[in-house]
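Please model the entire structure based on the sequences and the hints provided.
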Amino acid sequence: MKKNNPARANWLDWLCFAAYLGFLLYLVFFAEQFGRADSDRIYQYNLIPFREIGRYLRHFRALGIYAVINLAGNVAVFVPFGLYLPVLAAPARKVWNLIFYTFLFSLMIETVQLFWRVGSFDVDDIILNTAGGMIGYLIYRLADRNRKKDRQ
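Just so we're aligned, residue 1 is where the sequence shown starts under the numbering used here, counting upward by one.
No lab work stands behind these hints, which were simulated from the structure alone.
Some hints could be false.
Pair ranges (Cβ atoms, derived) [to be verified]:
| id | residue 1 | residue 2 | range |
| --- | --- | --- | --- |
| 1 | Val68 | Lys149 | 34 to 42 Å |
| 2 | Lys149 | Val118 | 15 to 23 Å |
| 3 | Ile48 | Val118 | 17 to 25 Å |
All values reported here derive from a predicted model rather than from experimental measurement.
Glycine residues also receive a C-beta, built at the ideal position from the N, C-alpha and C atoms.
Below is the structure:
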């Protein structure tokens, strides 16, 4: 009996992942419309988990769409990471590995922001990004399960 291997990555998968990473890096480090060009402001960072998430939720009425963009945006921007990484790297097909890789990549981005003073280092962003990676992974698992059912 032939063993059921997960789909292998092709050049289009790699190209899409590279385009996603390019967009992500642009968004995080260079997009002026997201407040990256304000060099006069005092650099701030947050090391307390759920502090900023709580602040956005407490002041939701005052912040309005900005709160939604910040919270949902940090989740949504990492969904493709959790979706593509298991396709491209076999170790990422295990949930704990995927969580670790997503956490590590988000930590790397936040650390670069800290040292370059671009955006702001926020532990809550790491939490939200990791949640986005997990959602992407769930989508990958559902798609993989459906693909296996279609083969049978």
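Consistency of the hints with the structure:
1. Val68 <-> Lys149: 34 to 42 Å: 36 Å Cβ-Cβ, so the 34 to 42 Å window holds.
2. Lys149 <-> Val118: 15 to 23 Å: violated (45 Å)
3. Ile48 <-> Val118: 17 to 25 Å: holds (21 Å)
Taken one by one, the earlier hints fail for this structure only at number 2.
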